[in-house]
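Peer 1: Taken in order, these protein sequences are the chains called A and B.
Numbered according to this note's numbering, the first sequence spans residues 1 to 224.
Numbered according to this note's numbering, the second sequence spans residues 1 to 377.
Hint data in this document are derived by calculation from the structure and do not stem from the laboratory.
Check each hint, because a few of them may be wrong.
List of simulated lysine-lysine pairs, DSSO-like, C-alpha gap at most 30 Å [what the hints assert, rightly or not]:
1) K45/B x K85/B
2) K124/A x K225/B
3) K124/A x K17/B
4) K135/A x K243/B
5) K124/A x K25/A
6) K13/B x K124/A
7) K165/A x K124/A
8) K371/B x K100/A
9) K225/B x K70/A
10) K100/A x K17/B
11) K108/A x K163/A
12) K244/B x K100/A
13) K25/A x K105/A
14) K244/B x K70/A
15) K85/B x K104/A
Facing chain A, a subset of chain B residues (Cβ under 8 Å, in silico) [to be verified]:
16) N3
17) L9
18) M10
19) S12
20) K14
21) W16
22) D65
23) S230
24) Q233
25) R234
26) L236
27) T238
28) I240
29) N350
Remember, predicted model here, so these are calculated numbers, not experimental data.
By construction, the Cβ of each residue, glycine as well, lies at the ideal position given by its N, Cα and C atoms.
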Amino acid sequence: MLEVTGLQKKYKEKTVFENVTLQMKPGEIVGLVGENGAGKSTLLELLATVMQPTLGEIELEGFSYTDGFKTIRRLIGYVPQDIAVWEEFTVEENMQFFEKLSWKKHTKEECRQLCVDMQLTQWKEEVRSLSGGMKRKLNLAISLLNDPVLLLLDEPTVGIDLKSKIEIGSYLHNLAKSDGKMIMYTSHDMDEITTLCDRVYSIGKDPFYMDLLTKNEIAVEQLK
Amino acid sequence: MRNIVSTRLMRSKKEWKSLLSWMLLPLIMTVVIMQSIESWQEETKVPVALVVEDETEMAGRLVEDIAATELFHIQFMNLDDALHKLEQHELDSVFVIRKGYEDNILSNRRNQLIVAFSSNRSFANQAVVETIASFAQQDAARSKAAFVIKHLFMEYGMEEEWHYDEIIDSSRDRQKSEALLQSSFSYYDKQNRANEQSIPLVKAWGVWTIFAIITTFFLFDWMLKENRPSMRQRWLFTEISFKKYALGSLLLLTAIIYAMDIITAIIFTSLFQEAFTIRVLFVLFVFRLTINLLAFLLASLYRQLFMYYTSGLAIALLLAVVGGAIIPLDGLARKWVWVEALSPVQSLLNGTIPILWLCALVVLLGVWFFKGGEKNA
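Input sequences plus hints: build the corresponding full structure.
Peer 2: This is the structure in structure tokens:
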């Protein structure tokens, strides 16, 4: 369970967002949409402990973020917008490298199965020779090594082909519905968001707002 | 630690060519530069031909003395060849140790012992003549002294029988034991070695330190590459933090590079007759640790590789100059003791421990580990 109460983020005098309150239950997929600079990535970074909020409370599985990040970070899988993998390594080497550093230990076969589950089968290929879609899948697979309860994805499908998009979407859907993981997701692709997410929040700026979109509103957004 | 070592080795395996190149470069560059200087020094010696007509012990000793003179490049040949080369200006001077050299000395006849030839381009002839004449005069003077002693014994009717050779040998021993004709600064217990060895123009370890410091900065660029902005967020979600990983990598790399340093020390011993002792290895280890810590901490300050490399090169040159690797600072260090503390290079060259540098860097490492680093939450 994730509970966010009265969250505010300020950069000096500039308020990025304020009074954000939301809840997430296991198995839920929540989407964040909004124009560039509205604060979607900032909200994900706060939830991922990459940044600290100016005000507000966050609790994950009963652990408060104010009590320190060590326990919290074990429960989070964060997939940043930039692909953070070793280009000169093979898929196998990347998985092994991060597996050795992660909290949860896996066998080589388990690591390979994780990749196979998301249709990433080029186990022995160097990452630099892979397509953008495959790199995104690997980026996601590495974030799942800790077996997180909350998965935060910042535009995980940006710039990739439709097939890879569908494969990633399908995998995330299974992850939430079968394994009960909470997934928060930002994207500019309304089709993808509406297909995948149980709830969608629209974030805007000047002044900041964060609204839960209804089905009708989503349809209007799609038409835009 | 096992996981840190294995992940570090995974990274190093991918970059083994560049790692090996950077580790070998100081050794290769030092050997190339030292060999070049040596051959240049050889070329700048005065070419002198010796024609040895007398094959006696005394003539042989004179030849040894002349050949041991550092400024001469001695060539042995017959008179015709020597004069031909002199005419071609390939030689500065030609000296002939004439037949009967020893007999003439022993008979106290000191004229025409050695014949010298020179050309109109023999710029060093005067100096060479004086040097060789001084060796011959030594023999002659010794011989004369022996004559006088023998004569005095005879004149005063003393019974003790002194052999001529005994007097000469005794005179040589005295010269050696009392260092009458030479003196040299030397370290404690290295008296004999200092007398035997020439003072090199450039120290092998001095040249090595310049390249060792530069390459160390290149060997630690992984601190920036592996902690680039996109990767930095990845490290937040690993059991082993980047700081622990970096610290483990620092230790592992120090061990690997130090192994290369030991190989370097062994090669320097065989090529340049540098000392290879436990003390040398310990001083070398402390130097390696100091330089690695410096490169590690400098890399932790930068985000851009170019700025890191530029600063690293500047610091390497500064440390080499201030440490006396390029221009010897022995005089300054004797006058002001603190000059020695300016650079760890000076400590390596003097065989001491750069305690101030080491302490400061260890404190900074502690500050980096417990306080500095990422600005992430």
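Peer 1: Against the structure shown, which of the earlier numbered hints fail to hold, in ascending order?
Peer 2: 5, 15, 17, 19, 21, 22 and 29
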